[in-house]
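Enquirer: Taking the hints into account, I'd like the entire structure generated from these sequences.
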Amino acid sequence: MSRINISLPGLELKNPIMPASGCFGFGREYARLYDLSKLGAIMIKATTVETRSGNPTPRVAETAAGMLNAIGLQNPGIDKVMAEELPFLAGYDVPIIANVAGTEIEDYVEVAERISKAPNVHALELNISCPNVKCGGIQFGTDPATAKQLVEAVKAVSSVPVYVKLSPNVTNIVDIAKAVEAGGADGITMINTLIGMRLHEKTGKPVIANGTGGLSGPAIKPVAIRMVYEVYKNVNIPIIGMGGVSDAQDVIDFMSAGASAVAVGTANFVDHFVCPNIIDALPAKLDELGVEHITEIIGRSHR
Amino acid sequence: MIRNERMTVVHQAKIAHNIFELTLQGELVQEMTPGQFVHVRVGESFEPLLRRPISIANINNETKEFTMIYRAEGRGTELLSKKQAGDIVDVLGPIGNGFPVDAVQPGGTALLVGGGIGVPPLHELAKQLNERGVRTIHVLGFQSENVTFYEEEFSKLGDTYYVTADGTKGTKGFVTNLLDELKPKFDVFYSCGPLPMLKALEAQFPDKPGYLSFEERMACGIGACFACVCNTTEKHEKDYVKVCSDGPVFPKGVVAL
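In the order they appear, the protein sequences are chains V and D. At position 139 of the first sequence (counting the first as 1) the number is 130 in the working numbering, and the numbers step up by one without a gap. At position 48 of the second sequence (counting the first as 1) the number is 115 in the working numbering, and the numbers step up by one without a gap.
Note that these hints are calculated values from the structure, not bench results. None of these values were measured; they are calculated from a predicted model. There may be inaccurate statements among the hints.
Derived PhoX-like pairs (lysine-lysine); straight-line CA-CA distance at most 25 Å [unchecked claim]: (1) D:Lys131 with D:Lys81; (2) D:Lys266 with D:Lys319; (3) D:Lys275 with D:Lys252; (4) D:Lys302 with D:Lys319; (5) V:Lys71 with D:Lys305; (6) V:Lys71 with D:Lys302.
Expert: Below is the structure:
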């Protein structure tokens, strides 16, 4: 009997660990390093209707215990993702969570309707929180009414459960969480990156060509934990937590705060084997805590 | 194949102002080719967080040792410069596509042009070209005499010319100034260095085949994060290339300069 399997809407996970969207491409690169079937799920890179070439470089900058990025949703577009990337991933025994992005509601609806029909896409993750594109993305994630409207439109066409990825760049994340729940979301994924800036030591100008970037890495974990903790208290749909997860203890922390599963982002760039390493380390963590199954720790901070 | 290995420091030495030569031993040396790089984690903590991409200056399959030459100029490389013999360094590699050694036939001549910290990968390239019976000409550009290195190593392998921005060693100016005077006869050129230098070389030798090694800020180093993309010229079939996994070496004319 597995001690770490998790059931969520649309998702039967062997374990609660999945690489976060944007940190794993469409899996091809990491597939050369280890067997992707080991993962609980894969959140693929944001897919838009059209091909997107992203932002100018430099697109990344290192910060204290973290990094900024402004990639700009570069992706080959829905046609190529359907024709090439998802069939490649179908060679592995792993459910795919497709991250969906767009400029207008119609874009989200089109991508969601098509990509949700791919046999290995078991859930969608609506990207209403990308801080690095001028239109779309975060504008849907900062206003509760707009967020709700988008979720309703996507729910009407999606063949699989819909999760919504929340932005931390808001005054009250609980309001947004409640709004997407009211719109029919099946789950929440959180958090996306925090908007930040790093200046060049000599020129005083931003290092990243886009000016601002999204902050990720261990530096943001306390913010993410606080927000998962708050949202868990206020909604009845499951949460996939993320933000600075680097080891098995971080997973325990997120699940204690209320996450039912956990995504790993920036840590994949530092330790390219971090996901399988965390999965292997979880049973020993459960032993330390005197817990039989990992579901027992979900939300224990609140009990 | 890219592997992650905890490699052992054999030797570390300061060979010029802020320039260090670090020799590591381990199994992944056997997979290395000239022009590839390694992605190095300098510490065990979150500070600094990301790996450092560093080029390969020497490969020795028999001893399973390789050498990297780097400039200690930031937190990461400064920490790396403190490593001593017997210490362990976490290395991911080898990464990327290197210089095609077989682009020149035995008996032919290759022109190798390096700028600053772009010089190191040309050393292993020069070694392998010479082993193949290719004559190599080296034109090496630096800011100043105090940051030059490997004069003896390069001189052993072929005619070696120095250029410094301040004129403290060799010709004063840019490598292109020297190449204008030298008018070297060669079949193929290989280069690694700052973007303006690569651009000038492409313009200077429009009729010669050439291979250029690029540098860009990276995160993952394996092609997954899309940090290090470059736009391509119109004639290339793809709109963009990734420096880490498609490069770092590209035939001239691929990357839009």
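Enquirer: Would you mind marking each hint as holding or not holding in the structure?
Expert: Results of checking the hints against the structure:
Restraint check for Lys131 (chain D) and Lys81 (chain D): the C-alpha separation of about 22 Å stays at or below 25 Å, so the hint holds. With a C-alpha separation of about 9 Å, the suggested pair Lys266 (chain D) and Lys319 (chain D) falls inside the 25 Å cut-off, and the hint holds. As the CA atoms of Lys275 (chain D) and Lys252 (chain D) are separated by approximately 10 Å, the hinted pair is consistent with the 25 Å bound. For the suggested pair Lys302 (chain D) and Lys319 (chain D), the alpha carbons sit about 12 Å apart, so the restraint of at most 25 Å is met.
Between Lys71 (chain V) and Lys305 (chain D) the CA atoms are separated by roughly 14 Å; this keeps the pair inside 25 Å, and the hint holds. A hinted pair counts as satisfied when its Cα atoms are at most 25 Å apart, and Lys71 (chain V) with Lys302 (chain D) qualifies at roughly 21 Å.
Checked against the numbered hints listed earlier, the structure breaks none of them; every hint is satisfied.
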